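Asker: Here are the chains, one letter per residue:
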Amino acid sequence: MAEKILMKGNEAIAISAIRNGADGYFGYPITPQSEVMETLMKERPWLTTGMVVLQAESETSSINMVYGGACCGKKVMTSSSSPGISLMCEGLSYLAGAELPCVVVNCQRGGPGLGTIQPSQSDYNQCVKGGGHGDYNAIVLAPASAQDMYDFVDTGFDLAFKYRTPVIILADGIVGQMMEKVELRPEKPRMTEEELKAIAPWATTGKSADRSYNFITSLALESDVQERFNQKLAAKYEVIKENEVRYEEYQTADAEYLFVAFGCSARICEAVVDQLREEGIKAGLLRPVTLFPFPAKRLQELSGQVKSMMSIELNLGQMVDDVKLAVNGACPVGFYGRQGGNIYTPDEIVEAFKKFNNLK
Amino acid sequence: MAFKGAIEVDTQKCKGCGVCVENCPTKSIELAKMVNSKGYHYAEMVGDACIGCSNCAIVCPDSVITVYRVKI
Amino acid sequence: MNIEDIKKPENIVYKKTPILTDNVMHYCPGCSHGTVHKLVAEVIEEMGIQDKTIAISPVGCSVFAYNYLNIDWQQAAHGRAPALATATKRLNPDKYVFTYQGDGDLASIGTAEIIHACSRGENIVVIFINNGIYGMTGGQMAPTTLLGMKTATTPYGRDAKLNGFPLVLAPMIAQLDGTAFITRQSVHTAPAARKAKAAIRKAFEYSQKGIGLSFVEIVATCNSGWKMSPVAANKWMVENMFTKYPLGDIKDVLKQE
Numbered sequence: 001m002a003e004k005i006l007m008k009g010n011e012a013i014a015i016s017a018i019r020n021g022a023d024g025y026f027g028y029p030i031t032p033q034s035e036v037m038e039t040l041m042k043e044r045p046w047l048t049t050g051m052v053v054l055q056a057e058s059e060t061s062s063i064n065m066v067y068g069g070a071c072c073g074k075k076v077m078t079s080s081s082s083p084g085i086s087l088m089c090e091g092l093s094y095l096a097g098a099e100l101p102c103v104v105v106n107c108q109r110g111g112p113g114l115g116t117i118q119p120s121q122s123d124y125n126q127c128v129k130g131g132g133h134g135d136y137n138a139i140v141l142a143p144a145s146a147q148d149m150y151d152f153v154d155t156g157f158d159l160a161f162k163y164r165t166p167v168i169i170l171a172d173g174i175v176g177q178m179m180e181k182v183e184l185r186p187e188k189p190r191m192t193e194e195e196l197k198a199i200a201p202w203a204t205t206g207k208s209a210d211r212s213y214n215f216i217t218s219l220a221l222e223s224d225v226q227e228r229f230n231q232k233l234a235a236k237y238e239v240i241k242e243n244e245v246r247y248e249e250y251q252t253a254d255a256e257y258l259f260v261a262f263g264c265s266a267r268i269c270e271a272v273v274d275q276l277r278e279e280g281i282k283a284g285l286l287r288p289v290t291l292f293p294f295p296a297k298r299l300q301e302l303s304g305q306v307k308s309m310m311s312i313e314l315n316l317g318q319m320v321d322d323v324k325l326a327v328n329g330a331c332p333v334g335f336y337g338r339q340g341g342n343i344y345t346p347d348e349i350v351e352a353f354k355k356f357n358n359l360k
Numbered sequence: 001m002a003f004k005g006a007i008e009v010d011t012q013k014c015k016g017c018g019v020c021v022e023n024c025p026t027k028s029i030e031l032a033k034m035v036n037s038k039g040y041h042y043a044e045m046v047g048d049a050c051i052g053c054s055n056c057a058i059v060c061p062d063s064v065i066t067v068y069r070v071k072i
Numbered sequence: 001m002n003i004e005d006i007k008k009p010e011n012i013v014y015k016k017t018p019i020l021t022d023n024v025m026h027y028c029p030g031c032s033h034g035t036v037h038k039l040v041a042e043v044i045e046e047m048g049i050q051d052k053t054i055a056i057s058p059v060g061c062s063v064f065a066y067n068y069l070n071i072d073w074q075q076a077a078h079g080r081a082p083a084l085a086t087a088t089k090r091l092n093p094d095k096y097v098f099t100y101q102g103d104g105d106l107a108s109i110g111t112a113e114i115i116h117a118c119s120r121g122e123n124i125v126v127i128f129i130n131n132g133i134y135g136m137t138g139g140q141m142a143p144t145t146l147l148g149m150k151t152a153t154t155p156y157g158r159d160a161k162l163n164g165f166p167l168v169l170a171p172m173i174a175q176l177d178g179t180a181f182i183t184r185q186s187v188h189t190a191p192a193a194r195k196a197k198a199a200i201r202k203a204f205e206y207s208q209k210g211i212g213l214s215f216v217e218i219v220a221t222c223n224s225g226w227k228m229s230p231v232a233a234n235k236w237m238v239e240n241m242f243t244k245y246p247l248g249d250i251k252d253v254l255k256q257e
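Residue numbers (the working numbering), protein chains in the order written: chain A, 1 to 360; chain B, 1 to 72; chain C, 1 to 257.
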């Protein structure tokens, strides 16, 4: 039986990075995710797997270290929380523009500005719609447990290399700080030089005699060249939308009312569904696991089955826009949220649900 | 020992900046009266005083000068 | 002996290194960038390290450096090259890693990145082109613009009260324990270019000794930005830039006293 260890979500990110063959982590302290780098520094993976861990002078530098490492075809990552992710948006745009693989963890806290250090989901738009400048998307995974945090590091690297794209793990202060049992999956060694050259022939590994030199840039200058590149990205995003949509459903088979929630909110909504079903109300939950690509097709299908949908988010209503776009008016779509680091109880969601649906 | 030299200029790539002219100790380079396809008065060797010292070539920003040298 | 008899392959004593590509450089006539590119390329050829070199180009005129040197390149966001180089070197300790940055890139927007790369003692080479102006964007004031110097954003000359003073970076980073070799060179004459090349080679050699960052500043011209002919720009540089930015070694931790 696989080993299970009690750990924080943030610690799971660090342990998973080491066990899944990450080559490098570059970060900067910020609450509520500092445990990621603290754990890595305590574990000292450079003595075991050879993984590089470095505390940078800023989030700006961290993401650009990730850019440099990614250029070399290495499995590199960083983590931060909302204000730090804002600083990283420049780098994320360049990573997308240069089609580089990497994993970026955002352990969201309340904003805007310096905001709070408590959990939030208010970076949905920032991370899912782009954040940095230019037409791009990153694949966005939304973990709801410490196990997800552990698993998504590996999934994230797989997707990042498969599509040559940044992958964001959009966590939050709850998932990052919460302690849970985490099953340690079998270890994966770091890529060998040969494996790296096979998976990333484009990487800057030093120009060998058997190939022309590699250069990695996001600069086009000529409009036609840039437009062709934009369309190439668009085509890639279509493939991602076709193949990589992930979601979980809870009690949806006979659901008449659907909650849509991601991350920690999805866990709270499971309790809400249970509570409503005890009252005889057939509620269900769809939890998008990938926020980009968004499970729009499935929501569209369910919109013909349910009387209404409600998006539950720790923000002022961001994902709800995507839910509305997906159902395209086929059923009413409501929203309930809390902000500033406050977290809803199941009871207050039930109350908001009944109000929206005119139920007693 | 004395040297005799010569230079070959890639006249199509030369931008006629004149830095080589300034750096030639034997005044063996001038900018041509003719222009290349880009409109630059390219550098050219004049006379037979060149000693093949390579000064022109090492300061050439566009690396368009090849230098030859023989002992005489 | 006539000229055509001299021009034989066996008599070649200097030709373009194969580390330079055949692409025509986009730089203005007389631009120092081309000369520095060549010197770096020659060092790479002479050291036989083409397959072991990874370069980082900046934002600025030399953003396209990757078109001109036949080595692997990463093109960084404005000012961030030392961060890319840090990760690249730490992940590939056996490789030679260098950044190539202008004064706007390195001494303005990228000040944090260069200072901290120096402070951490990253075993990389930094080639810093200081021509006192932003070339790519059309000749605006750089942090290194001299007092009184006219640029597009200091049309009446740089005024300390309005624009602050020129930033002299090399002595600042010389104080940091993480730097191994700091030198200031130029490439306007053949002897200067030969010295600059020797300095670049030393910097590359130092970067494999694990003794910290090597920094080669090249005081350079931007004749278009300065609105002078290439030859006049070189003269102006000698008379003005060298006063504020004197040439020579500033720090060499391995130098025998």
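Treat the hints as calculated values from the structure; they're not laboratory data.
Heads up, some of the hints might be wrong.
[Said to hold, decoys possible] In silico DSBU-like links for lysine-lysine, alpha-carbon gap of 30 angstroms or less:
| hint | chain 1 | residue 1 | chain 2 | residue 2 |
| --- | --- | --- | --- | --- |
| 1 | C | Lys235 | B | Lys13 |
| 2 | C | Lys7 | A | Lys42 |
| 3 | C | Lys209 | A | Lys197 |
| 4 | C | Lys7 | B | Lys4 |
| 5 | A | Lys188 | C | Lys244 |
| 6 | C | Lys244 | C | Lys227 |
[Stated by the list, open to error] Computed beta-carbon distance windows for the label pairs:
| hint | chain 1 | residue 1 | chain 2 | residue 2 | range |
| --- | --- | --- | --- | --- | --- |
| 7 | C | Phe242 | B | Gln12 | 26 to 36 angstroms |
| 8 | C | Asp177 | A | Asn230 | 15 to 25 angstroms |
| 9 | C | Ala174 | A | Lys236 | 38 to 48 angstroms |
| 10 | B | Gly39 | C | Lys161 | 20 to 30 angstroms |
| 11 | A | Asn230 | C | Phe242 | 42 to 52 angstroms |
| 12 | B | Lys27 | A | Glu194 | 36 to 46 angstroms |
| 13 | A | Pro29 | C | Pro171 | 25 to 35 angstroms |
| 14 | A | Leu47 | C | Gly121 | 32 to 42 angstroms |
| 15 | A | Ser58 | C | Leu254 | 23 to 33 angstroms |
| 16 | C | Pro191 | A | Trp46 | 43 to 53 angstroms |
| 17 | A | His133 | C | Asp94 | 49 to 59 angstroms |
| 18 | B | Gly39 | C | Ala198 | 47 to 57 angstroms |
Since the structure is predicted, the reported quantities are computational estimates derived from the model, not experimental observations.
Built from N, CA and C at the ideal position, the CB exists for glycine as well.
Asker: Hey, lysine 7 (chain C) versus lysine 4 (chain B), does the alpha-carbon distance stay inside 30 angstroms?
Answerer: 11 angstroms, holds
Asker: Is it true that the C-beta distance of phenylalanine 242 (chain C) to glutamine 12 (chain B) lies inside 26 to 36 angstroms, as the hint says?
Answerer: 34 angstroms, holds
Asker: Within 42 to 52 angstroms or not, the Cβ separation of asparagine 230 (chain A) and phenylalanine 242 (chain C)?
Answerer: 46 angstroms, holds
Asker: Please test the hint of 20 to 30 angstroms on the beta carbon pair from glycine 39 (chain B) and lysine 161 (chain C).
Answerer: 43 angstroms, violated
Asker: For alanine 174 (chain C) and lysine 236 (chain A), compare the CB-CB distance with the range 38 to 48 angstroms and indicate the outcome.
Answerer: 47 angstroms, holds
Asker: Using the Cβ atoms, figure out if leucine 47 (chain A) sits within 32 to 42 angstroms of glycine 121 (chain C).
Answerer: 20 angstroms, violated
Asker: Straight-line Cα separation of lysine 235 (chain C) and lysine 13 (chain B) no greater than 30 angstroms?
Answerer: 25 angstroms, holds
Asker: Is the gap between the beta carbons of proline 29 (chain A) and proline 171 (chain C) within 25 to 35 angstroms?
Answerer: 31 angstroms, holds
Asker: Taking 30 angstroms as the top limit, are the C-alpha atoms of lysine 244 (chain C) and lysine 227 (chain C) close enough?
Answerer: 20 angstroms, holds
Asker: Tell me if the beta carbons of serine 58 (chain A) and leucine 254 (chain C) are separated by a distance inside 23 to 33 angstroms.
Answerer: Hint holds: Cβ distance 31 angstroms, inside 23 to 33 angstroms.
Asker: Decide if the proposed pair is consistent with the structure: lysine 7 (chain C) and lysine 42 (chain A), CA atoms, cutoff 30 angstroms inclusive.
Answerer: Status violated; Cα separation ~66 angstroms.
Asker: A range of 36 to 46 angstroms was offered for this pair. Does it hold for the Cβ distance of lysine 27 (chain B) and glutamate 194 (chain A)?
Answerer: 57 angstroms, violated
Checked against the numbered hints above, the structure breaks hints 2, 5, 8, 10, 12, 14, 17 and 18 and satisfies the rest.
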